[in-house]
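Peer 1: Below, each chain spelled out in residue letters.
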Amino acid sequence: MNVTVPMPNLSLVVPEILMVILACGLLLVDLFIPKDRKRVVGYIALAGVVVVGVVTAAFWGKMAQPATTFSGTFVLDRFALFFKEVFLFTTGITILISLKYLEIEKVSLGEYYALMLFCTLGMMIMVSGADLIVIYLGIETMALSVYVLAGFMKFDHKCTEAALKYFLLGVFISGILLYGITLIYAATGSTQLAQVAAVIKEKGLAKNPLLVLAMFMLAAGLGLEIAMAPFHFWAPDVYEGAPTPITAFISVAPKAAAFAALVRIFYHGIQLLEPQWQILLWIICAVTMTIGNVTALMQQNVKRMLAYSSVAHAGYILLGVLAANQVGVQGIAFYFFAYAFMNMGAFGLVIYLRRENIVGDDIDDFKGLAQTHPLLAVIMVVFLLSLAGIPPTAGFVGKFLLFAAAIKAGFYWLVALAALNSVVALFYYFRIAKAMYMQSPEPLPQLSPGRGLVLALVVVGVFTLFFGIYPQPLMSLAKDTAHTFMMFLS
Amino acid sequence: MYQHISQYTPVLLFFALAIGFGVGALLFAYLVRPSKPDPEKLSPYECGIPPLISVRERVPIRFFIIVMLFLLFDVEAIFMYPWAVVYERIGWWGFIEMFLFIAILLVGYVYAWAKGALEWE
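Top line first, the protein sequences correspond to chains A and B.
For the first sequence, position 348 matches number 348 in my numbering, and the numbering has no gaps at all.
For the second sequence, position 97 matches number 97 in my numbering, and the numbering has no gaps at all.
Read the hints as simulated data drawn from the structure, not as lab findings.
Just so you know, not all the hints are guaranteed correct.
Unchecked claim - Every beta carbon over 10 Å from chain A, so not counted as near; a handful from chain B, in silico:
no. : residue
1   : Pro10
2   : Gly48
3   : Ile102
What the hints assert, rightly or not - Below are the DSSO-like pairs computed for lysine-lysine, each with C-alpha atoms no more than 30 Å apart in a straight line:
no. : chain 1 : residue 1 : chain 2 : residue 2
4   : A       : Lys367    : A       : Lys479
5   : A       : Lys434    : A       : Lys158
6   : A       : Lys35     : A       : Lys154
7   : A       : Lys106    : A       : Lys367
8   : A       : Lys38     : A       : Lys165
9   : B       : Lys36     : A       : Lys38
10  : A       : Lys38     : A       : Lys201
11  : A       : Lys158    : B       : Lys115
12  : A       : Lys154    : B       : Lys36
13  : B       : Lys115    : A       : Lys35
14  : A       : Lys165    : B       : Lys36
15  : A       : Lys106    : A       : Lys154
16  : A       : Lys106    : A       : Lys158
17  : A       : Lys38     : A       : Lys158
18  : B       : Lys36     : A       : Lys106
19  : A       : Lys158    : A       : Lys367
20  : A       : Lys434    : A       : Lys479
21  : A       : Lys154    : A       : Lys38
Even glycine gets a Cβ: it sits at the ideal position worked out from N, Cα and C.
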């Protein structure tokens, strides 16, 4: 027996290869940089992320058709490319907002940036996985890095508690996910999504109880990173305890990666189980939106409030998954960019308010910001408007697409519930606005943001408004993404 | 449609047999043996010296790092055994792939070394 290992088409994994070299190189470079100049590591990481972003974008034109490599376990299509850009953008912004923050927290270490790059690598593999095992490996690469990052301020009790909670829940759920994968293998004899789909179709396994059970387990496993109910309990504690830049990062990138993997598995792997997963996701969607919004009403801590708000946003995005049509995928893709802008912005503001001895994450810390820093207050209002889904912001366009997709698929009641939820959400977002505009400031120490943070806030602020007023460029990219993704399906 | 699962029937049988044997042996012994306990017999080390201190001592955290590193590079070595067995048949790409694998681990090794994880004091 001759088992020649076929030479895979490496040109499709160039972004990932670059990322590995960058992350490993950064670990080594970090050894030679003195302790007080760790910022340099951040700059190198940022430059690297920009390069990888450009290289990834260069694939866009060539990928009108999906291409696979590594014996069909790794797929590169526009869907994967789009999400990779979301991750790289989020990583870049996170590095920018971390530079100063890490120095204030006295944990300015080079490993931080290397871990962040490994995490991004994991997510990039995750969205390109055409095989459940590859997707699982991507999830683990991502999750292990995020656990460490969440506990990066190791002398802070809240922070270590958050990391431990996240880790314990994460490994537990990852076991369930793996069990789901084995059940799929047991029922169909393959872990490759295309073959799983083919076997289900060929043998009429759409109602197979094993597969239905596996579907539940996969939804649970990915649901943790998505922070959808009932797997959202970790979110508020972790969001509050983790370093704020990492909170911003967790609230966007792993969520996007898990959503992308969920969509790929459910649409390309077990799409014939659609009647079953529609019932499941319908319930989860309704519960997630409502729990997220109602609980957010009662929060005094802005990071906790944004955590529950991100749970609610997961609910809105589930509308797009549920719709299972082209507009739905377009909505998911668009929404994640919009969500990256506005959520990174809102958390960026919290970091801006970080001073000596004040974390800046209490609603009272926002008091009278309109008087002391009018520009900052205005930009925060833009992010809040976008999160609430009010025009002319990117959040509105994204929400509009998701709701439209769900209406097109006939989920009228769910859209009505989502609209109702958006009204509830307005209330708690505007509690922050009220604190900024209608309360007088307390004498507080001077704010001292870094240039990186200011740059990041300007970028996401401008994008939030720009793609709210003129969404066409991003919308057509999202449309191409959805088009090739759904074409592959039929 | 369950043909993949039915392959595991021997495993299930073996599992049942293993449990049955364990429980059965204990049960049988319990039923037939005489039972005359006394304090000496019930002490933890009947034939040894009595324990002097609690064994739940604190262990230096250094062990933790060393053990972790050992585990990492031990697993690396395990990967190399099957590779070495089929080495002649997997061609050049298989050869290069192992070197990439080792190169990535080498980064970790250099990092651990430079950070002083291998120094005892």
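Peer 1: Evaluate each hint against the coordinates.
Peer 2: Outcome of the hint check:
1. No beta-carbon of chain A comes within 10 Å of the beta-carbon of Pro10 of chain B; the shortest separation is about 15 Å.
2. Residue-level check passed: Gly48 of chain B sits 38 Å from the nearest beta carbon of chain A, beyond 10 Å.
3. No beta-carbon of chain A comes within 10 Å of the beta-carbon of Ile102 of chain B; the shortest separation is about 13 Å.
4. A threshold of 30 Å between alpha carbons decides the hint, and for Lys367 of chain A with Lys479 of chain A the separation of about 41 Å lies outside it, so the pair is violated.
5. Between Lys434 of chain A and Lys158 of chain A, the direct Cα distance comes to roughly 28 Å. Compliance with the 30 Å bound is thereby established for this hinted pair.
6. For a cut-off of 30 Å, the pair hint linking Lys35 of chain A to Lys154 of chain A stands: about 17 Å separates their Cα positions.
7. Distance hint between Lys106 of chain A and Lys367 of chain A is fulfilled; the C-alpha atoms sit about 27 Å from each other, no more than 30 Å.
8. Note on Lys38 of chain A and Lys165 of chain A: the hinted pairing holds, with a Cα-Cα distance of about 29 Å set against a maximum of 30 Å.
9. As the CA atoms of Lys36 of chain B and Lys38 of chain A are separated by approximately 70 Å, the hinted pair breaks the 30 Å bound.
10. Distance restraint check for Lys38 of chain A and Lys201 of chain A: the Cα-Cα separation of roughly 55 Å exceeds the 30 Å cut-off, and the hinted pair is therefore not satisfied.
11. Restraint check for Lys158 of chain A and Lys115 of chain B: the C-alpha separation of about 27 Å stays at or below 30 Å, so the hint holds.
12. For the suggested pair Lys154 of chain A and Lys36 of chain B, the alpha carbons sit about 55 Å apart, so the restraint of at most 30 Å is broken.
13. Of the supplied pair hints, the one linking Lys115 of chain B and Lys35 of chain A holds, its CA atoms being roughly 13 Å apart against a limit of 30 Å.
14. Between Lys165 of chain A and Lys36 of chain B the CA atoms are separated by roughly 49 Å; this puts the pair beyond 30 Å, and the hint is violated.
15. About 11 Å separates the Cα atoms of Lys106 of chain A and Lys154 of chain A, which keeps this hinted pair within 30 Å; it holds.
16. For the suggested pair Lys106 of chain A and Lys158 of chain A, the alpha carbons sit about 16 Å apart, so the restraint of at most 30 Å is met.
17. Annotation: proposed proximity of Lys38 of chain A to Lys158 of chain A holds, straight-line Cα distance about 25 Å (limit 30 Å).
18. Among the hinted pairs, Lys36 of chain B with Lys106 of chain A is inconsistent with the structure: their alpha-carbon atoms are about 65 Å apart, more than 30 Å.
19. This hinted pair checks out: Lys158 of chain A and Lys367 of chain A have alpha carbons roughly 25 Å apart, not beyond 30 Å.
20. Between Lys434 of chain A and Lys479 of chain A, the direct Cα distance comes to roughly 37 Å. Violation of the 30 Å bound is thereby established for this hinted pair.
21. A C-alpha spacing of about 18 Å is found between Lys154 of chain A and Lys38 of chain A, which places the hinted pair at or below 30 Å, so the restraint holds.
Checked against the numbered hints given earlier, the structure breaks hints 4, 9, 10, 12, 14, 18, 20 and satisfies all the rest.
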